Every structure is written in structure tokens, then in C-alpha cells.
Amino acid sequence: GENVEQHPSTLSVQEGDSAVIKCTYSDSASNYFPWYKQELGKGPQLIIDIRSNVGEKKDQRIAVTLNKTAKHFSLHITETQPEDSAVYFCAARAIQGAQKLVFGQGTRLTINP
Amino acid sequence: DAGITQSPRHKVTETGTPVTLRCHQTENHRYMYWYRQDPGHGLRLIHYSYGVKDTDKGEVSDGYSVSRSKTEDFLLTLESATSSQTSVYFCAISESLYGYTFGSGTRLTVV
Chain G
1 GENVEQHPST
11 LSVQEGDSAV
21 IKCTYSDSAS
31 NYFPWYKQEL
41 GKGPQLIIDI
51 RSNVGEKKDQ
61 RIAVTLNKTA
71 KHFSLHITET
81 QPEDSAVYFC
91 AARAIQGAQK
101 LVFGQGTRLT
111 INP
Chain H
1 DAGITQSPRH
11 KVTETGTPVT
21 LRCHQTENHR
31 YMYWYRQDPG
41 HGLRLIHYSY
51 GVKDTDKGEV
61 SDGYSVSRSK
71 TEDFLLTLES
81 ATSSQTSVYF
91 CAISESLYGY
101 TFGSGTRLTV
111 V
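For the record, the sequence lines run as chains G and H.
When you line the first sequence up against this note's numbering, it's residues 1 to 113, in that order.
When you line the second sequence up against this note's numbering, it's residues 1 to 111, in that order.
In short, the hints are calculated from the structure, not lab data.
Small disclaimer: the values here were computed from a predicted structure and weren't measured.
Just to be clear, a hint being listed does not mean it is correct.
[To be verified] Here are the simulated BS3-like cross-link-like pairs (lysine-lysine), alpha carbons at most 30 Å apart as the crow flies:
| no. | chain 1 | residue 1 | chain 2 | residue 2 |
| --- | --- | --- | --- | --- |
| 1 | G | 22 | H | 57 |
| 2 | G | 22 | H | 70 |
| 3 | G | 37 | H | 11 |
| 4 | G | 100 | H | 57 |
| 5 | H | 57 | G | 71 |
| 6 | G | 71 | G | 58 |
| 7 | G | 71 | G | 37 |
| 8 | G | 68 | G | 22 |
[As the list claims (entries may be wrong)] Here are some chain H residues the structure puts well away from chain G; computed CB gaps all over 12 Å:
| no. | residue |
| --- | --- |
| 9 | 9 |
| 10 | 14 |
| 11 | 17 |
| 12 | 22 |
| 13 | 45 |
| 14 | 64 |
| 15 | 72 |
| 16 | 73 |
| 17 | 82 |
| 18 | 88 |
| 19 | 107 |
[Said to hold, decoys possible] Have a look at the derived ranges for each label pair, beta carbon to beta carbon:
| no. | chain 1 | residue 1 | chain 2 | residue 2 | range |
| --- | --- | --- | --- | --- | --- |
| 20 | G | 108 | H | 107 | 14 to 20 Å |
| 21 | H | 107 | G | 81 | 37 to 43 Å |
| 22 | G | 108 | H | 75 | 27 to 33 Å |
| 23 | H | 15 | G | 56 | 35 to 41 Å |
| 24 | G | 113 | H | 70 | 45 to 51 Å |
Glycine included, C-beta positions come from ideal geometry on N, C-alpha and C.
Could you put the whole structure together from the sequences, leaning on the hints where they help?
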């Protein structure tokens, strides 16, 4: 089955700098890669996703890149702000079988003022 | 989260007792999932449902059972709770192949 590895587990950046979180996946059939943000005491919320037919997707300060050959994808947050502090999860899903997402271990991002 | 409610939000129970967690949705979504969240492990799938009375196991299903008798409700039961089942449990729903909506979670402590 699919296995997703996420790095780093913790990340601390200065406000205004950029943050990058990386994930690798094992199943070459995976074709959908969402990113979730989880604030303290809340459930994860979808912030951006990418499908395997594109290499990059942007939404304001957030972007995701996908390298299918290397089987890795990354989340990029530019001009970080204090409200970006949260735990971020990547996930992957293959079309085969039921539509189950497999999640990475999570990255705790802290933005220092 | 709009459209999905988990109950209870917090529960403390004793080892060996049965526990049932409830997930209720008002979105009429086909798919429902139960995940557990533990430090260092991210979110791991326990069970999921792809329709009324249609359920299947996830990667960490041992010790858990589920039922879905109505589209809107997905119940997770710990038949005999153990300390290793202390965790935060999240329910999620989806209609299409893309995008889950998560509930706010249930923090379960087994003592």
C-alpha cells in the first residue's frame, strides 16, 4: 500500500521568510496530493491540492509542486505570517481501490515574530 | 466544522469498557472515514464507509468496529477499550474523489 513520508517534523521560520515542507510517496499510481492545515484544537482543513497531471499550483502565498518521477511533492509558503503557525499534513491517494487518503506524519510550523 | 459533528468532544473511560463515538453529517456525502491522530504518526485510517451498510477496514482497524445504518451517521465502537487506544479521533466526509472535510475531533482517554 501507499506510504507517505513527511519532513521536517518541526520547522521554525522568521515572519516574512519562506517555509518549505516536503513529502515523498511510494505508490507510483497515486495521482492526488492534498495539503491540510490543522490549528490547535481543530480538525485538519484542506488548503491546497494538486493532481498528477500538473507540476505546480499556486494560491496566493501558498504553492505546491509535484515531481512524479521522483515521487515527491512540496508545500511552499511565502511571506509567512503568525497565523501560518499550525501543523501541516501532506497526503496521497491512488485511484485504485477505495478513495482513501494516506497522510504524512505532520510538520509543526512556527512563525517567529 | 459546518456539516459534520463529532460527539462526544472529550471522553475518559476505563480499560475494558465499550465506547462508541459518533459522527453526524448534514451534507449527504457518500464517503465517511474514521482516523486516529497520534504524535509522530500523523493521521491513520481506522475504518471507512462508501455507503449505507458498506464499510471496510483501514490500516489500524484491530480493536475497532463501525456501523453505518443511515447516510448521515457513522459510528466507531471500541469493543473493549485499551490504553493504546488513547488518542484523538477524527471523522471525515467526502462526496467526490477529492477533498475531505474533517470534524473537530474527539479526545479519548483510556485509564
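Inset, instruction - Could you tell me which of the hints above the structure violates, numbers in ascending order? - result: Result: hints 2, 9, 13, 18, 19, 21, 23 break, sorted rising.
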